[in-house]
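Residue numbers (our numbering), protein chains in the order written: chain W, 1333 to 1675; chain B, 1333 to 1675; chain F, 1333 to 1675; chain E, 1333 to 1675.
The hints are simulated quantities; they were obtained by calculation from the structure and are not laboratory data. Some hints here could point you the wrong way.
Since the list can't tell identical chains apart, any single copy or any two copies may satisfy a pair.
With a cut-off of at most 27 Å between alpha-carbon atoms, the simulated DSSO-like pairs for lysine-lysine come out as follows [what the hints assert, rightly or not]: (1) K1386 - K1362; (2) K1531 - K1402; (3) K1386 - K1591; (4) K1409 - K1477; (5) K1591 - K1339; (6) K1339 - K1386; (7) K1339 - K1409; (8) K1531 - K1477; (9) K1410 - K1477; (10) K1488 - K1402; (11) K1477 - K1379; (12) K1362 - K1379.
There are 4 protein chains.
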Amino acid sequence: MVIIMEKNAQSDHIEHVEERLHDQGFKIHKSVGMEHLLLGVIGDTTKLDVRDWKVLPGVVDAYRISAPYKLVSREFKKHDTVISIKDVQIGAENLAIMAGPCSVESREQLETIASRLAGRGVRILRGGAFKPRTSPYSFQGMGEKGLQILRETADKYNMIIITEAMDKDQIELISQYADILQVGARNMQNFSFIKALGKARIPIFLKRGIAATIQEWLMSAEYILSGGNQNVMLCERGIRTFENYTRNTLDISAIPIAKKLSHLPIIADPSHGTGIRDKVIPMARAAVAAGADGLMIEVHHDPENAMSDGAQSLFPEQFDDLMDQIRIIAQVVGKTIELPETV
Amino acid sequence: MVIIMEKNAQSDHIEHVEERLHDQGFKIHKSVGMEHLLLGVIGDTTKLDVRDWKVLPGVVDAYRISAPYKLVSREFKKHDTVISIKDVQIGAENLAIMAGPCSVESREQLETIASRLAGRGVRILRGGAFKPRTSPYSFQGMGEKGLQILRETADKYNMIIITEAMDKDQIELISQYADILQVGARNMQNFSFIKALGKARIPIFLKRGIAATIQEWLMSAEYILSGGNQNVMLCERGIRTFENYTRNTLDISAIPIAKKLSHLPIIADPSHGTGIRDKVIPMARAAVAAGADGLMIEVHHDPENAMSDGAQSLFPEQFDDLMDQIRIIAQVVGKTIELPETV
Amino acid sequence: MVIIMEKNAQSDHIEHVEERLHDQGFKIHKSVGMEHLLLGVIGDTTKLDVRDWKVLPGVVDAYRISAPYKLVSREFKKHDTVISIKDVQIGAENLAIMAGPCSVESREQLETIASRLAGRGVRILRGGAFKPRTSPYSFQGMGEKGLQILRETADKYNMIIITEAMDKDQIELISQYADILQVGARNMQNFSFIKALGKARIPIFLKRGIAATIQEWLMSAEYILSGGNQNVMLCERGIRTFENYTRNTLDISAIPIAKKLSHLPIIADPSHGTGIRDKVIPMARAAVAAGADGLMIEVHHDPENAMSDGAQSLFPEQFDDLMDQIRIIAQVVGKTIELPETV
Amino acid sequence: MVIIMEKNAQSDHIEHVEERLHDQGFKIHKSVGMEHLLLGVIGDTTKLDVRDWKVLPGVVDAYRISAPYKLVSREFKKHDTVISIKDVQIGAENLAIMAGPCSVESREQLETIASRLAGRGVRILRGGAFKPRTSPYSFQGMGEKGLQILRETADKYNMIIITEAMDKDQIELISQYADILQVGARNMQNFSFIKALGKARIPIFLKRGIAATIQEWLMSAEYILSGGNQNVMLCERGIRTFENYTRNTLDISAIPIAKKLSHLPIIADPSHGTGIRDKVIPMARAAVAAGADGLMIEVHHDPENAMSDGAQSLFPEQFDDLMDQIRIIAQVVGKTIELPETV
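Isolated chain W (complex conformation) (with noise of 0.2 Å):
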């Protein structure tokens, strides 16, 4: 941290912050400028709360020099983490593609898709059980019986599973039926609940919250890895601006800055990001192109008639050829996808 006092401050205002540094064991160097003095606080800052220094009498501004984060930085850990659940791969030149239906609504529903989606070559089904809904009567999931489909289905398709789970008392839960948990962007913030996570097994997807700056959705994903779990993904999805036109602003400028800072992979999800059926696609071309390392794309055989997000979600041959177009692109970014060229 560097604090900077007040031109002309009052010899008794430099003192008193200095013997408060002191007295929480930091040491100081000073340094003195044309029209500041500036007092460098050396010492562990962790747990220092800015602003509590640029309250004090004297003090002009104070700047935490240090990230507030550690585990989850490209200064900790040099290289890109790839988290292997089974035979897949997530992370560094691996293209990762999750797609599936927003909500699994019967086991025809879901078997219709996967199908269509592993004959593609897709190896992760999305879906979701458990749904946070904006307004309470709205269809809120199928809950377990939806989570035995996915696994079902799943199986069948040699697919494995990520879905949402809404709280802490749903870790267990989903750890048995799921390969990857999925938190939502108004869980980012959850404590509750990402510090529980901090103690599951399961592979986490982390979606970045609506009104979350980088550096807070990387500190709540510290939470996790400080608990103990390695194994975190994030998710850029959108973020709310005054811009109405789509239902959040996929933040693409994000991608690049979190892989810069983290070495945590990262993936898009257009469908969240826009909202809107023909904006996924450019947009799903975009995330890879600025280096994304997946994508995750809501897909019905019916979006007419889905329970939830219907207007977001791709008809299958939108996806197909979506698929061939990123293939393209994966290589200028010098990534690979596994995914077999249609026919």
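Fit chains B, F and E to the given chain W structure using the hints.
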């Protein structure tokens, strides 16, 4: 809902939309504009997702006409909800003052602050025992021990207690000790939690998420009311904007808006809304001038040594001055405040 | 400026940064932290672009220490600026009330409104003759004819005039008729315009852009002061956020912040800040409670037939009531308002 | 426009709305919903301000059905606009590459950069002679001398020129030297300026304001087209959000949206969109993958010594690599790029 069809929409596209509406039991009222065909949708549209209709072929746009919430609305209940807890009333003409430290840190700390506030006439004591923190390395609260201290101290000074629960597992525990259960901004759309609060018997203090629209905030309150718990207070505590001089931007206009749309009491939290001590005072005055039903203010006798949020905590003398100012402003907006004048 | 070098930065990277600083005439004060090397940059950093240093190899981050503005700052001038126009004073303990229609529509319209306002004691008449409109198809103002009507009407009622200029070519014309020249939010960073205003002799009313940080707003004022015109008022009129219930989000906290950072008077415009008539009143009260030096309020005797912004214009009776409320709140913040009480 | 009346609206309120509509020459189509009465408004609603109707007694809400723009819309003109300047074509299947330094700094500087770019096949040279700067103390550009250098250098290498005008007084001067006139983001709603551009004969490059909705951006283009100048390109260059890791958030989704709503070409500017050199490259790829009609890229042979925006300028070698990547992605979206492959 109103659906607007393209100028020159193909007749099969029009028929398709109509068919889907009929299938779902809706009646349709057509009107032909100069440029568009309008389909007025008649029936219970609560569960519809407007986006599903926007993406149908031939459709230009679709608008929801009825608000998606019911129980929280002024249409449903004309008069202001008043929440009575022991002999304290929140809502209508009462201006509720909730004050205390960010975190309970020790018996001595809370005693010092509470005695001071009680002497000033404050009836509602705030204090956190479970603390949601951005960093896993920050102080996480005293837990149940903190709740015990809160209860003993409040009882001594004839105060009631508001404190935060971080998830549904804590509802029972909090209910044993506290009088009002606070839901933090980051949990406003933790649906497992707010669904469970509908079954709880304790009054709820629902903070607005930093990126929540007023409608989403009311929808979260609707979850609680529809579950059976009618005692909900809304709390505006700042939204996230591009301006980062302050921690958040306290959305003062949300106060008159929420009061128009809903019968629930609305409280302002200028401490979190600004994050800076010397901005708390003008913003507290502004919130009351705008018609808030109460204030939640962080106060600490030694903010420099507070274990959390010291930078935004008022010194007791500042709190006293503020109360004197608030009393005058309250008259302008037809509110009464129970605090005796300082002598 | 402080430059933070990477932990284990290569010595040639460090030397390169130092060399560049020396070349530009800066002195350097080094301090070695636990994790980083800090370079304190000593000299006049006003013209530096911090980003240039952030991207140098080996650099983690760079922070500006001194504010980039000078003349507008409290450091430069301790006491509140008071702007005197004829016998009207704006700033310090005076609460300035500016009121009138959005647009001048006719001599009769302005006469009706101005006589009503003058009778209430208002001394500053607002009215637009040149109207910035989002659509090329909307009413664009009466032009010079409108200015003539403004002047004649104001003179009749012993009022001074504030009206908007849309570009630098209009400065001379506006100066002939009006007493205060308003710069609209969309022109806050029209640098050709604000540079020219530095040479003008008319007081300037500088609205904050809807996406301007407080610092950018002060920088635009700095353009005017550095050009030689010291008579600048700041106007907060709402920022753009994700919430779209209101036209803009009136950033009430900008009022105490601007007053702390700058000596210039700050006026609030709740009419544009909310865009909705019944929200103008509570927000006007809030602005005064937060310490504003004045209000700009749109008033129309027949808002339903106003040619622009009728939806946010108060009826004269509403304005009267508001003034009675404001008078009481003004006392709390140590302001006086010249208006006589209604009888 | 559709007007929604309150459930149980008083009949005089309904009559009042109807009367006002009739007075303004509109026809009304009523439809009675389960909860509301709907008034469909038939006639030319271009000039209506929806807010005027929202605040009438008895009205719940009002929606605009027709877009407020016409000439820029796809409904008005189905096929992509192609702008031809000398032998360069912008729009449709052509991927336009505009590159050069932020500011023209000297003949030598521009010569060095232009020769390098021309050698790489770039046909459109960018460079600023008049610079809009946040601070009055920053470099403000070389002025007309810069334009002369631009012209001479471009002619030598058979390139066309794009450069910024800062107000309407500069239109004539810029038109003498340049081929495309750029309107900066801060001037997007400088209505005096864009109105004058409608009368100009030079093609216009209209940057989106950092807080402009897509609709407002199209309305500004409508000003120019309705004035008689059909040659307008749109430029997405980043919007302001809460995330401040980057200078702005490049809104990639605006690209497919603008292309759907309008026939005008849309160019992306990842240099200003990110403000950080190493983020320019992935975002440039993303923009093309999302379907942009072109890129504007800042390139400098010695960015560390650039007089403005060095931090976001690519080194020539980075630009070369980017072009090789872009060429591959362009195929995926059906675009051709004129640049020869590097050997």
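Check the structure against each numbered hint from earlier and tell me which ones fail, lowest number first. Numbers 4, 9 and 10 - these are the hints that the structure violates, sorted from lowest upward.
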